[in-house]
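Asks: Sequence:
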Amino acid sequence: MWRRGSAQEAFLFKIPCGPSNQKRPSPVILAIAKLVTKGYLDEQFIQIEMLQDETSPNFVEDVLMLFLRDSTKLVNDIEQTL
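Take the sequence shown: its letters are residues 658 to 739, numbered as in this note's numbering.
Calculated from the structure, these hints are not laboratory results. Among the hints, erroneous ones may be present.
What follows is a set of in silico ranges between Cβ atoms, one per label pair, in the way DEER data are often shown [stated by the list, open to error]:
(1) G696 <-> L739: 19 to 25 Å
(2) D699 <-> D734: 21 to 27 Å
(3) Y697 <-> I735: 21 to 27 Å
(4) T694 <-> L739: 18 to 24 Å
(5) T738 <-> V685: 34 to 40 Å
(6) M722 <-> P684: 17 to 23 Å
(7) Q737 <-> P714: 33 to 39 Å
Pairs of lysine to any residue residues, derived as SDA-like cross-links and limited to a Cα-Cα distance of at most 20 Å, are as follows [said to hold, decoys possible]:
(8) K695 <-> E711
(9) K691 <-> I703
(10) K730 <-> S713
(11) K695 <-> T712
(12) K695 <-> D710
(13) K691 <-> M707
(14) K691 <-> I705
(15) K730 <-> E706
(16) K691 <-> Q701
(17) K691 <-> R681
(18) K695 <-> S713
(19) K730 <-> R681
(20) K691 <-> F702
(21) K691 <-> Q704
(22) K695 <-> I705
(23) K730 <-> P714
(24) K691 <-> S713
(25) K691 <-> K730
(26) K730 <-> D719
Being a predicted model, the structure only gives us computed values, none of them experimental. Glycine included, each C-beta is placed from N, C-alpha and C at the ideal position.
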């Protein structure tokens with residue numbers, strides 16, 4: 658599904674777990690980890706997520722919304738052309 662040393666593997670190893678950690682991962686992190694493990698999110702998503710920081714906390718959401726908006730427009734353009 659994903660190769661050793663990949664961004665997916667790096668992401669999954671960042672998730673705190675085990676009795677030594679008092680802080681539990683957020684539900685969002687757990688949901689993303691599940692999607693990564695199942696292969697629904699690939700390395701590109703993880704790379705985009707790594708670009709998000711305090712100065713742009715909604716970076717992933719913004720990129721995803723741009724993708725969805727642009728892809729919807731492209732599909733509509735293709736349908737009109739056909």
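Asks: If a hint holds in the structure, say so; if it does not, say that too.
Replies: Now for the hints, and whether the structure bears them out:
Between G696 and L739 the beta carbon distance is about 31 Å. The supplied range of 19 to 25 Å is therefore violated. Evaluation of the 21 to 27 Å hint for D699 and D734 yields a pass: the beta carbon distance comes to about 25 Å. The hinted range of 21 to 27 Å is satisfied by Y697 and I735, whose Cβ atoms lie roughly 24 Å apart. Distance hint for T694 and L739: a CB-CB separation of about 37 Å, inconsistent with the stated range 18 to 24 Å.
Separated by about 39 Å at the C-beta atoms, T738 and V685 satisfy the suggested range of 34 to 40 Å. One distance hint, 17 to 23 Å for the beta-carbon pair M722 and P684, holds here, with the actual separation near 21 Å. Checking the proposed 33 to 39 Å range against Q737 and P714 shows it holds: the Cβ atoms sit about 37 Å from each other. Between the alpha carbons of K695 and E711 the distance comes to roughly 28 Å, so the proposed pair goes past 20 Å and is violated.
At most 20 Å may separate the alpha-carbon atoms for a hinted pair to count; K691 and I703 meet this at roughly 13 Å. The straight-line distance between the Cα atoms of K730 and S713 is roughly 26 Å, outside the 20 Å bound, and the hint therefore fails. Our distance criterion of 20 Å between C-alpha atoms is broken by K695 and T712, whose separation comes to about 30 Å. A hinted pair counts as satisfied when its Cα atoms are at most 20 Å apart, and K695 with D710 does not qualify at roughly 25 Å.
Restraint check for K691 and M707: the C-alpha separation of about 17 Å stays at or below 20 Å, so the hint holds. Under the criterion of a C-alpha separation no larger than 20 Å, the hint pairing K691 with I705 is consistent with the structure, at around 17 Å. Between K730 and E706, the direct Cα distance comes to roughly 24 Å. Violation of the 20 Å bound is thereby established for this hinted pair. Distance restraint check for K691 and Q701: the Cα-Cα separation of roughly 16 Å lies within the 20 Å cut-off, and the hinted pair is therefore satisfied.
For the proposed pair K691 and R681, the alpha carbon gap of about 15 Å is at most 20 Å, so the pair holds. Between K695 and S713 the alpha-carbon distance is near 28 Å, which puts this suggested pair outside the 20 Å criterion. Annotation: proposed proximity of K730 to R681 is violated, straight-line Cα distance about 40 Å (limit 20 Å). Taken as a hint, the K691 and F702 pair is honoured in the structure, with Cα atoms around 13 Å apart against an allowance of 20 Å.
At most 20 Å may separate the alpha-carbon atoms for a hinted pair to count; K691 and Q704 meet this at roughly 17 Å. Of the supplied pair hints, the one linking K695 and I705 holds, its CA atoms being roughly 18 Å apart against a limit of 20 Å. Among the hinted pairs, K730 with P714 is inconsistent with the structure: their alpha-carbon atoms are about 26 Å apart, more than 20 Å. Proximity of K691 to S713 is assessed by CA-CA distance (about 24 Å); at most 20 Å being required, the pair is judged violated.
A hinted pair counts as satisfied when its Cα atoms are at most 20 Å apart, and K691 with K730 does not qualify at roughly 30 Å. Taken as a hint, the K730 and D719 pair is honoured in the structure, with Cα atoms around 17 Å apart against an allowance of 20 Å.
Going down the numbered hints, you'll see the structure goes against 1, 4, 8, 10, 11, 12, 15, 18, 19, 23, 24 and 25, while the others check out.
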